[in-house]
Amino acid sequence: MMKKTNIKPWVGYLIFGLTVFLVFCLIFESSIQLPSLVAWLGRWHPLILHFPIVLLVVAIFLGLTTNKIPKLLLVVATISALLTAISGFMLAVDASEKGDLLIWHQRLGSAVAFLAVLWYVLVTLNLARTILIKVLQVVLGITIFFAGHYGGMVTHGEDFLALPTLGNKSNIIPENPLIYAHIVQPILDDKCISCHNGNKKKGELLLTNFKEIKKGGENGEIIDETDYKNSTILKLVHLPLEDENHMPPEGKPQLSISEIQILERWIALGANDTLQLSHLNSDETLVGLVRKLQQPTVKKDWSKLPEIDDEVLKNLNSNYVNITRFANQSNALNVIVFTAPTYNDSIFIELDPIAKNIVQLDLSALPLGEQAISFIAKCVNLEWLEVDKTSFTDENLEKLKGLTKLEVIKAYDTEITDKSLAVFENFKNLKKMYVAQTNITINALDAFKKEHQNISVDAGINPSIETFFVVKEKDTVAVKKEE
Amino acid sequence: MEKEKKSDSENPLKVNRRHFFSQLSVGIGSLALGSLLIPDLFKGKGEGLLGQELGIPHFAPKAKRIIYLFQAGAPSQLETFDYKPTLKKRMGEDLPESIRNGQRLTGMTSGQSKFPLMPPAVKFNQHGQSGAWVSEFFPHIAKISDEICFVKSMHTEAINHDPAITFFQTGSQQSGRPSMGSWMSYGLGNENKNLPSFVVLTSRGKGNSQGLYSKLWSSGFLDSKHQGVLLRSGKDPVLYLNDPDGLSRSDKRHLLDKVSSLNKIHHVETGDDEIESRIAQYEMAYRMQMSVPDVMDIKKEPESVIKLYGEDCQVPGTYAANALQARRLAENGVRFIQLYHQGWDQHGNLTNEMRGQAKDVDQASAALILDLKQRGMLEDTLVVWGGEFGRTNFCQGNFNPDNFGRDHHPRAFSIWMAGGGIKPGITYGKTDEFGYNVVENPVHINDFHATLMHAMGINHEELTYKYQGRRFRLTDVAGNVVKDILT
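These protein sequence lines are chains W and E, in that order. If you read the first sequence in our numbering, its first letter stands for residue 1, the second for the next number, and so on. If you read the second sequence in our numbering, its first letter stands for residue 484, the second for the next number, and so on.
There's no promise every hint is true.
Under the rule of at most 16 Å between Cα atoms (straight-line distance), these lysine to aspartate or glutamate pairs were calculated in the EDC-like manner [unchecked claim]:
| # | chain 1 | residue 1 | chain 2 | residue 2 |
| --- | --- | --- | --- | --- |
| 1 | W | K389 | E | D967 |
| 2 | W | K314 | E | E784 |
| 3 | W | K378 | W | D352 |
| 4 | W | K405 | W | E175 |
| 5 | W | K432 | E | E862 |
| 6 | E | K545 | E | D967 |
| 7 | W | K405 | W | E425 |
| 8 | W | K389 | E | E674 |
| 9 | E | K545 | W | E175 |
| 10 | W | K431 | E | E862 |
| 11 | E | K906 | E | D959 |
| 12 | E | K790 | W | E466 |
Anything over 12 Å on all C-beta distances counts as not near chain W; from chain E, calculated [unchecked claim]:
| # | residue |
| --- | --- |
| 13 | H502 |
| 14 | S518 |
| 15 | K547 |
| 16 | L588 |
| 17 | D726 |
| 18 | D740 |
| 19 | S744 |
| 20 | D756 |
| 21 | E759 |
| 22 | S774 |
| 23 | P799 |
| 24 | H830 |
| 25 | V922 |
| 26 | G940 |
In case anyone wonders, no lab produced these hints; they're calculated from the structure. Beta carbons: idealized from backbone N, C-alpha and C, even for Gly.
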């Protein structure tokens, strides 16, 4: 069945040696560290991987059709499969964190190499039974396909090979989203349309676009604009999970509580496709729910901060300026400046190169000048700012308008007035502001609080509690007497 | 994977010795080649395996500093936050054996033939939106109950003060390990390089008290720069920090420069790193001469703050003064501020003594929370209030509701935490109706340590120090982060 070709014995040793080497690498993967030259060899993986694919596919084709495979072809294919697996392994050792795709690609790639070796061994030892070899060839073919597929996804992204119609999902929610298009439909896409789409139309219901949603299914409309609680879609969602009619059915991914709330509020507000976030009053629960959805994109930005060198940080740190990474290997920085006996604003000139990396900045109790303020304005990724106990003014805050990522501002005991409230309003991500002991009037602040319920405003200790602390009632402690 | 040339034999699986060895050599050769890729293969697991760079949190922290209000002597959970009406209903009855279940006793109650249940000495009410139960001994803490998280299911192993407080402070009942604050200092470094990262303040109430000793804030086997610095009340907060009369600050500077240059020469000669750390400590002491008096000076505090903490806070050495001081230290970047208030060991005269103790700490503790909150510091400052164990639900000695005491009880007690990544307004864990055993969500001291470290951005399993041949950590070989109370 094989053509007898005279192949030198060292070829057998080579295959055997490479196989042992690959097994070794896979077992001791976690403790292996590659010298840079060897790691560089890994870069050849994308080049040589094409050989085993072609050669093995040709060998399988020949095997399945003619049963005559030149031994030399099998040898070269096996060696190339081993080399590919080893080089791929070397490439992967460098990857800081292996995703699922990479792990599967690695397993399948190694499987290809081992199957090829097995094939070679069976042939060499004349142990090959036709049926055994055929099964092996088919399995090998399938393994090559999936190894290649995962490899492709590793290089080109997971969606690269997805069919065009399924691949246009975008998770980015704009600043002022359309409630239906940007919020509601993605929820349906995620949890519902796997059964309610053009191909699989359970209950004659399509949930892929607004028109079809309005139309309903075989049991009529699913949305009741007059009484939202009466809407079929909400009723089914609210049924207990064990109920046969509960949607999505048991075993499928379920809607989260906030997703249900979003659907509910959207329907309560008339279930139309023109509603936008800016149309809503700030006390509408939907606003908070949508804001929550928008948040995660902000946090992820930390990974996009510019690289920063340990040496740079070391040089900038001083007795009165404390700069630390937010966490191990993070480029997000936390900067605290303490009052030095010889403080002056010029220290910020040195900090200029790291301005974009600063996520938290504590400048409390410093005699801040103009230079300091313009430095803060440069920290565009700032999420947390402390300027309390300073002479910070409305004009200063006005200059910081561009810091859109700010979530926490501590500005108590400063000179800001009602004017600043307009600036606070502009920080779209603002969650907490501390403005006790400022010149902001109570009335203006109350109005601000009413309008911005998603911002927690701290204007000092609750007066009723403070009175309790300050006015001493004698013997407030009542000791229980026996009756 | 044996193979051979066809001519050797009819049977392909038959391998002769020579071929076997030649193939074996290829196999071993490949293994040897592979082993070259593992550095330190034959070095054994040595130094430098500390997986973690010091001075940086392991992940983004919720809390940047901790204020620990330690109530030394162990306040009774039954007169503070763990309300047990059953004790009233079954007052005077013997504690059922099924509940006591073999719990060991201290020498003070082991001779008792009866364990009569003693009801709480004070009324309880529910407070705030969370409906937390707080005894009337603590009217101010009751007012802020929505800001704090009560943990009612703490338990420990020790039954006497010394091992119990040592366990709380160092993670071990035997002394010698570094204190919690030292571990934080070791793992996270100084925030403000002009102040120590671990500071201790002590005060004493009128109740029956137990000793405090510097081993509780010792750095154990860690570098001594991580040791807690005891700030004393009065003129000299830090002993020997001030210069003698006649030495001006510039003279001092001159002196330090000279000493340091001599030290540097010595360092070049010997290469001993301790010399560098000594130079750094001289420099820090020099800066502390400026920073400490500034931090300790509460005269700058406005009237409203003084009133909030209570007039006592103007008297140096009181708990209230220390609480206010703690806030000032936290503001100035001290990582771990440890307060101790002595006098909570109520073996007798519990009602009166506890009322006095509570009066010492109630307002100032609550004021600290409010003060931190209005400054936005509760966002990243974690406050803990609690003692080293709980107290028995039966009385010590004969049953006499007018004057009774409670003995030590390790199986269940209450503490509270607030701020810095801890969920506000919740109660975690539950004891049985007798307040004797934990029935829900137990929190061991190791778990408590792990949780505190987690809030500070430290993985408690990774912060280790190798000493006497093995790696130590604050939680040693135990501890689970209590995720349910974290935000």
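Hints, one by one, checked against the model:
1. W:K389 / E:D967: Given pair K389 of chain W, D967 of chain E is violated - Cα atoms ~35 Å apart, limit 16 Å.
2. W:K314 / E:E784: violated, 35 Å
3. W:K378 / W:D352: holds, 8 Å
4. W:K405 / W:E175: Given that 16 Å is the threshold and the Cα spacing comes to 13 Å, the pair holds.
5. W:K432 / E:E862: It holds: about 10 Å lies between the C-alpha atoms, which stays within 16 Å.
6. E:K545 / E:D967: With a Cα-Cα distance of about 15 Å, the restraint between K545 of chain E and D967 of chain E holds, given a limit of 16 Å.
7. W:K405 / W:E425: Status holds; Cα separation ~13 Å.
8. W:K389 / E:E674: Not OK: K389 of chain W and E674 of chain E at ~19 Å, beyond 16 Å, violated.
9. E:K545 / W:E175: Given pair K545 of chain E, E175 of chain W is violated - Cα atoms ~28 Å apart, limit 16 Å.
10. W:K431 / E:E862: holds, 12 Å
11. E:K906 / E:D959: With Cα atoms ~26 Å apart, K906 of chain E and D959 of chain E exceed 16 Å; violated.
12. E:K790 / W:E466: Given pair K790 of chain E, E466 of chain W holds - Cα atoms ~9 Å apart, limit 16 Å.
13. H502: Non-interface label fails for H502 of chain E: nearest chain W Cβ at 9 Å, not farther than 12 Å.
14. S518: Per Cβ check, S518 of chain E is inside 12 Å of chain W; nearest 8 Å; violated.
15. K547: Label violated. Min Cβ-Cβ 8 Å, cutoff 12 Å.
16. L588: Given a closest Cβ separation of 27 Å, the condition holds.
17. D726: holds, 16 Å
18. D740: holds, 16 Å
19. S744: holds, 19 Å
20. D756: holds, 17 Å
21. E759: E759 of chain E clear of chain W: closest Cβ-Cβ about 15 Å, beyond 12 Å.
22. S774: violated, 8 Å
23. P799: holds, 21 Å
24. H830: Non-interface label on H830 of chain E holds, nearest chain W Cβ at 19 Å vs cutoff 12 Å.
25. V922: Nearest chain W Cβ is 26 Å from V922 of chain E, so the label holds.
26. G940: Given a closest Cβ separation of 6 Å, the condition is violated.
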